[in-house]
Amino acid sequence: GAVVSQHPSRVICKSGTSVKIECRSLDFQATTMFWYRQFPKQSLMLMATSNEGSKATYEQGVEKDKFLINHASLTLSTLTVTSAHPEDSSFYICSASSDRNTEAFFGQGTRLTVV
Amino acid sequence: ELKVEQNPLFLSMQEGKNYTIYCNYSTTSDRLYWYRQDPGKSLESLFVLLSNGAVKQEGRLMASLDTKARLSTLHITAAVHDLSATYFCAVVNFGNEKLTFGTGTRLTIIP
Chain A
1 GAVVSQHPSR
11 VICKSGTSVK
21 IECRSLDFQA
31 TTMFWYRQFP
41 KQSLMLMATS
51 NEGSKATYEQ
61 GVEKDKFLIN
71 HASLTLSTLT
81 VTSAHPEDSS
91 FYICSASSDR
101 NTEAFFGQGT
111 RLTVV
Chain B
1 ELKVEQNPLF
11 LSMQEGKNYT
21 IYCNYSTTSD
31 RLYWYRQDPG
41 KSLESLFVLL
51 SNGAVKQEGR
61 LMASLDTKAR
71 LSTLHITAAV
81 HDLSATYFCA
91 VVNFGNEKLT
101 FGTGTRLTII
111 P
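For the protein sequence lines, the chains are A and B, in the order given. In case it helps, my numbering puts the first sequence at residues 1 to 115. In case it helps, my numbering puts the second sequence at residues 1 to 111.
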């Protein structure tokens, strides 16, 4: 399958600071990228969908001003957690797909800990 | 709104036994996925099921899809310890490509 690289794999930051997570499709052009959040022992919850060159679509209850998503190219999407708080600590996972009706491939995930 | 229910949530089974995990979903979809997740890791794709009656097998795992019943099953045959993980089904929302995940089944294989 196609490769999606997510970086960093782990990050610890102080409360009030911002953290940027990158998601790259290495061997295909990703027209759509998805960002998920997973709390311990829970399922994945979709946060937002981003399409290259357009604004991200956020799921209900996800603060767009707090979770900034940029999909500036067909191989890169970034998620910035602004003014992070301990309750934002979670496992963030991206996925990318090249077209409608094709499988989305998942990145390795980023473990964010806010102290 | 698409809802995906998975059961059981927890499954502890002995090596060598067979068991089935169930995934029910609430509205029409044309694709269903099964994933495996190990602790601290991301998702590993196991199966993609595209049509009614689809059956796929890989090793000791076999997945099937009944679109009329809106039900998929993941059957484990002669379980081995390496299969211990959390298994998720995920259903594509018809028309917008979003994935809705089931609650997950935490499988523990006991020697």
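Rather than coming from a laboratory, the hints here were simulated on the basis of the structure. Ideal Cβ placement from N, Cα and C applies to all residues, glycine included. Fair warning: there could be bad hints in the mix.
Derived list of chain B stretches under chain A, where covered just means 3 residues or more per stretch with a C-beta under 8 Å from a C-beta of chain A [said to hold, decoys possible]:
| id | region |
| --- | --- |
| 1 | 43-50 |
| 2 | 98-104 |
Derived PhoX-like pairs: lysine-lysine, alpha-carbon spacing no greater than 20 Å straight-line [stated by the list, open to error]:
| id | chain 1 | residue 1 | chain 2 | residue 2 |
| --- | --- | --- | --- | --- |
| 3 | A | Lys64 | A | Lys20 |
| 4 | A | Lys20 | A | Lys66 |
| 5 | A | Lys55 | A | Lys14 |
| 6 | B | Lys3 | B | Lys98 |
| 7 | A | Lys66 | A | Lys55 |
| 8 | B | Lys41 | B | Lys56 |
| 9 | A | Lys64 | B | Lys3 |
| 10 | B | Lys41 | A | Lys41 |
| 11 | A | Lys41 | B | Lys68 |
| 12 | A | Lys20 | A | Lys55 |
| 13 | B | Lys3 | B | Lys68 |
| 14 | A | Lys55 | B | Lys98 |
For each hint given before, does the structure comply? Return the numbers of the non-compliant ones in rising order.
5, 8, 9, 11
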